Amino acid sequence: MLTRLRGGHVVDPFNGVDGVADVYLEDGRIVAPDGRAPDEEIDVSGHVVMAGAIDIHSHIAGGNVNSARLLLPEMHRSIRARLDGTPLSTAKWSTFETGRLYAQMGFTTVVEPAVAPHHALHAHFELGDVPIIDKGALTVLGNDDFLLAALRSNESETAITDYVAQTVEATGTLGLKCINPGGADAFKQNMRAFGLDEIVPFYGVTSRQIFTSLQKATQTVGIPHPLHLHMNNLGIAGNIDTALATIDAAEGLPLHLAHVQFYAYGLEGKSAFSSAAPALAAKINANKNITVDVGQVMFSDTVTISSDVLSQYGRLEGAIPKKGVIFDGDANGGGVVPYAYRISNYYNAVQWAAGLELFLLIEDPLQVFFTTDHPNGGPFTTYPELFALLMSAELRAQWLERLPAEVRDVTTLPSITREYTLNEIALMSRVGPARLYGFTDRGRLDAGSIADIAVYKDQRDKAGMFRNAAYVFKDGELVVRDGAVTKYVKGKTLRIRPGYDRAIEKRLDAYYDDVYGLSRAIFEVPESALAGKSVYAEVACRN
Amino acid sequence: MSNATLDGKSISSEDAYEQAAKILQEASFPLVAGLGADVAGAQAAILLAERLRGAFDHLASRDSLTDLEVLRSAGVFVTTPNEARVRADLVLLVGPGLQSYWPGIFDRLALDKETIHGGTSKRRVLWIGPKRNEAKLDGVEIETIAATEQDLAGVLGALRARVGGRPAALAPAALKKIDAAAEALRAARFGVAVWAAAGLDPLIVEMLQGMIADLNVTTRFTGVPIGGRSGATGVLQASAWMTGFPPRTGFGRGYPEHDTWRFEASRLVDSGEADAALWISAYDGEAPPWESDDIPLITLGPPGSAPKRGLFIAVGKPGENYDAVEFAQETSSLVLRRAGAPAELPTVAEAIAAISAKFSEDLPC
Chain A
24 MLTRLRGGHV
34 VDPFNGVDGV
44 ADVYLEDGRI
54 VAPDGRAPDE
64 EIDVSGHVVM
74 AGAIDIHSHI
84 AGGNVNSARL
94 LLPEMHRSIR
104 ARLDGTPLST
114 AKWSTFETGR
124 LYAQMGFTTV
134 VEPAVAPHHA
144 LHAHFELGDV
154 PIIDKGALTV
164 LGNDDFLLAA
174 LRSNESETAI
184 TDYVAQTVEA
194 TGTLGLKCIN
204 PGGADAFKQN
214 MRAFGLDEIV
224 PFYGVTSRQI
234 FTSLQKATQT
244 VGIPHPLHLH
254 MNNLGIAGNI
264 DTALATIDAA
274 EGLPLHLAHV
284 QFYAYGLEGK
294 SAFSSAAPAL
304 AAKINANKNI
314 TVDVGQVMFS
324 DTVTISSDVL
334 SQYGRLEGAI
344 PKKGVIFDGD
354 ANGGGVVPYA
364 YRISNYYNAV
374 QWAAGLELFL
384 LIEDPLQVFF
394 TTDHPNGGPF
404 TTYPELFALL
414 MSAELRAQWL
424 ERLPAEVRDV
434 TTLPSITREY
444 TLNEIALMSR
454 VGPARLYGFT
464 DRGRLDAGSI
474 ADIAVYKDQR
484 DKAGMFRNAA
494 YVFKDGELVV
504 RDGAVTKYVK
514 GKTLRIRPGY
524 DRAIEKRLDA
534 YYDDVYGLSR
544 AIFEVPESAL
554 AGKSVYAEVA
564 CRN
Chain B
14 MSNATLDGKS
24 ISSEDAYEQA
34 AKILQEASFP
44 LVAGLGADVA
54 GAQAAILLAE
64 RLRGAFDHLA
74 SRDSLTDLEV
84 LRSAGVFVTT
94 PNEARVRADL
104 VLLVGPGLQS
114 YWPGIFDRLA
124 LDKETIHGGT
134 SKRRVLWIGP
144 KRNEAKLDGV
154 EIETIAATEQ
164 DLAGVLGALR
174 ARVGGRPAAL
184 APAALKKIDA
194 AAEALRAARF
204 GVAVWAAAGL
214 DPLIVEMLQG
224 MIADLNVTTR
234 FTGVPIGGRS
244 GATGVLQASA
254 WMTGFPPRTG
264 FGRGYPEHDT
274 WRFEASRLVD
284 SGEADAALWI
294 SAYDGEAPPW
304 ESDDIPLITL
314 GPPGSAPKRG
324 LFIAVGKPGE
334 NYDAVEFAQE
344 TSSLVLRRAG
354 APAELPTVAE
364 AIAAISAKFS
374 EDLPC
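Each protein sequence line maps, in turn, to chains A and B.
Heads up, the first sequence is in the numbering used here, so the first residue is 24 and it goes up one at a time.
Heads up, the second sequence is in the numbering used here, so the first residue is 14 and it goes up one at a time.
There may be inaccurate statements among the hints.
[To be verified] Result set (BS3-like, lysine-lysine): computed pairs, CA atoms no more than 27 Å apart in a straight line:
#: 1; chain 1: A; residue 1: Lys529; chain 2: B; residue 2: Lys126
#: 2; chain 1: B; residue 1: Lys371; chain 2: A; residue 2: Lys556
#: 3; chain 1: A; residue 1: Lys556; chain 2: A; residue 2: Lys515
#: 4; chain 1: B; residue 1: Lys371; chain 2: A; residue 2: Lys513
#: 5; chain 1: B; residue 1: Lys371; chain 2: A; residue 2: Lys510
[What the hints assert, rightly or not] Some chain A residues judged to face chain B by a derived CB distance under 10 Å, without partners named:
#: 6; residue: Asp107
#: 7; residue: Ala342
#: 8; residue: Val538
#: 9; residue: Val548
#: 10; residue: Pro549
In short, the hints are calculated from the structure, not lab data.
The model shown is predicted, which means the values in this text are computed figures rather than measured ones.
Glycine included, each C-beta is placed from N, C-alpha and C at the ideal position.
The shape of chain A in the complex, shown without the other chains (with noise of 0.2 Å):
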């Protein structure tokens, strides 16, 4: 069945389109009409017509975000039913209600970043009951003792990329990410900070050593996605020089900055603590290698998840209320400690002004991506506020009043008037992710591409606007009518196969005997138990 949806304002920016169009789909593909008449025809004149929209950093799934839900069973009491025909949907914060927010908002992918890959299995159920959205993720080394014992042992490059290789495609997921490389093992045997170019004992390797092995092995094996990269010294006051080393560090190589507003931080004012988010957006400005997503703080009652172990035990003292999960897994683990983000708290607000300086100060907006890191700067439903932001300096001015006055004094916020244009939004949310990703069938609107598509109705609050599509489809199947979800598709997950050569596995497979005294076919990923929860696409790598 030929649709058309008809006079909508299309901002298609990866095909140069912002003005009133037609588009049109078929069999859960924009089409090109050829001369036919269409079947259906829905009039969306005086909307704004976009690609299905991309998250490409938000923790929805695995055993971290499952702890988070044991832990704080007050955070997310239900208080209404669901729809007919879609199970769950109204259930808070299960995956369930995941799928359904996301899509209501015109979002049809995201991606999970953090997997262990010692628990990819749990991840992908997790992320088989998403309905609606497609779904990715990505998997985390850069502790795990197989790689830094290679490091130790100055292993050729060969044997690094042909186990980064083999981890990828094992878990089922788009890339790596590495997270506070070599700072959850450091924390393992006790120490309590870690910094760039700290050694981790038993081993004898940086942290700069184990990401830029890890970039670079990224690049070797064609992984479209750049190393996703959760640095040292997260959060704390002065670590501007932290962020600003590592893109030194990265020497021109593609490398994805993950939440780097919690990294954005300078020793100035009385508190010694302000925004230094202009360096770093200058420093971006100036590394076209280096791409980020910001982690925005919203002002929120949330929860902080993640694999950065050591700097969540850190954050368990000031935890709100005050309880948390340290887990020291294998490689990794991760912290859950809640949190209450506060407009009256001078070190939150802070926060908020410095990521909204990130966005408003990074010249190209495919250089910066939307993310709260949901939930740890903020719960992802808070986007269609940090978009009406950015779109407007009157709308910052009236939360800046908001704020305590001495934050004036350590941001240059109130004096950007930068608004971001809907094209601007669009390149952000749809384009530049699709590009980060690797993504050639998404982002865009023009024949041949999937026909995820949300439409809004334009209006003065564009909070409002982005925060219930009046229409959403996906795969061309109309999922979200007047910002309510109105029946379950099932998504797909997607995923890379970078080829590798096939004799790491026996080596894995001695290591699990030796150091484990385990199979390690235990921690597969079978297609087979997924079957009737998962259903896999494939992404390209590159070369």
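Got chain A sorted already, so can you dock chain B onto it with the hints?
Using the frame of chain A, we list chain B on its own:
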């Protein structure tokens, strides 16, 4: 032998599914209990409970909730058995009967071997409150601190006090022993406590976790919980991501509500609040714990476990008769267990799907 019975008499599977659907659909508040199932079985069972606006509970919820109560009131430090195996230079075993709750415990923790990660060292092993003659392991010197089940909380409390340098009202000989243990814990580089909630009161687990938190101020210390029987931990995980809550959750209002008292299976049945029950115990056919024997009952269990009363549908044993994903105690993760003895029996999820297929159309989905 038939794979389905009604009051002990053989019936066809078709009839069994048909009748099961009728019982569940006609109930105003059906209970899905036992839940001794693999993850796929639990997913199907929870979706069924939600669709019927009933409630669900697991047969070992008491044990899962012992740890959960500590988690959600105070928080926990945990690790995996494998991390303990490669790194723990001190292992603190807590409470009696650990091997009965986890037969593979000593093999997995490799207490007789040296640590591997963070450097090689011999392990020190302490056991508080083992059963008589239990603390014996070839090639391992186990230091024991005697404690009956009633004493355990007091002994742990004294140990925590001494770890923190606070006084403890003990006789000199006992104090000397506790002090030596406290010194050993403080001197550990990466200590791991191991306990089984099944044998313990939540206050004991809370005391233990409080001590672990204290120890982490100066060194590293963490814990390995031994989970409940019949797939309890895997079912708990699925329940958490699907509903936000552990078992003992009800859907009477069309959304999940978790209440450890209201939705406890025995109470729901014996009080008459639940008016039909689906009892699932696929691993070993464990019988329901309630006393009432007049609730309409459907049982899913392995062949040979049919109760005298009610409807019974045989299902395979997860991971034995069919490939099943379940929580593995040895890795602390969900794993695929491949069937060692495949059998022509439905999986738990398949049996539930077959029942659901017989619902009449007026049940909304």
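*asked:* For a C-alpha distance cap of 27 Å, please report whether Lys556/A and Lys515/A respect it.
replied: 10 Å, holds
*Restraint check, 10 Å cut-off on beta carbons, for Asp107/A near chain B*: 5 Å, holds
*Should the hint that Ala342/A touches chain B count as held when the rule is a Cβ pair under 10 Å?*
8 Å, holds
_Pairwise hint evaluation, Lys126/B against Lys529/A, where the allowed Cα distance is 27 Å at most_ = 24 Å, holds
*Does Val548/A pass the interface hint, meaning its C-beta sits closer than 10 Å to a C-beta of chain B?*
8 Å, holds
*Has the given pair, Lys371/B with Lys513/A, been kept, meaning a C-alpha gap of at most 27 Å?*
Distance ~24 Å between Lys371/B and Lys513/A Cα, so the pair holds.
*Holds or violated: Val538/A as interface residue toward chain B, Cβ cutoff 10 Å?*
With a minimum Cβ separation of about 6 Å from chain B (threshold 10 Å), the hint on Val538/A holds.
*So, Pro549/A near chain B? Judge it on the closest CB pair being under 10 Å.*
With Cβ-Cβ at 6 Å, under 10 Å, it holds.
*Take the C-alpha atoms of Lys371/B and Lys556/A, compute the straight-line distance between them, and say whether it is at most 27 Å.*
22 Å, holds
*Decide if the proposed pair is consistent with the structure: Lys371/B and Lys510/A, CA atoms, cutoff 27 Å inclusive.*
22 Å, holds
When the structure is compared with the earlier hints, no violation turns up for any of them.
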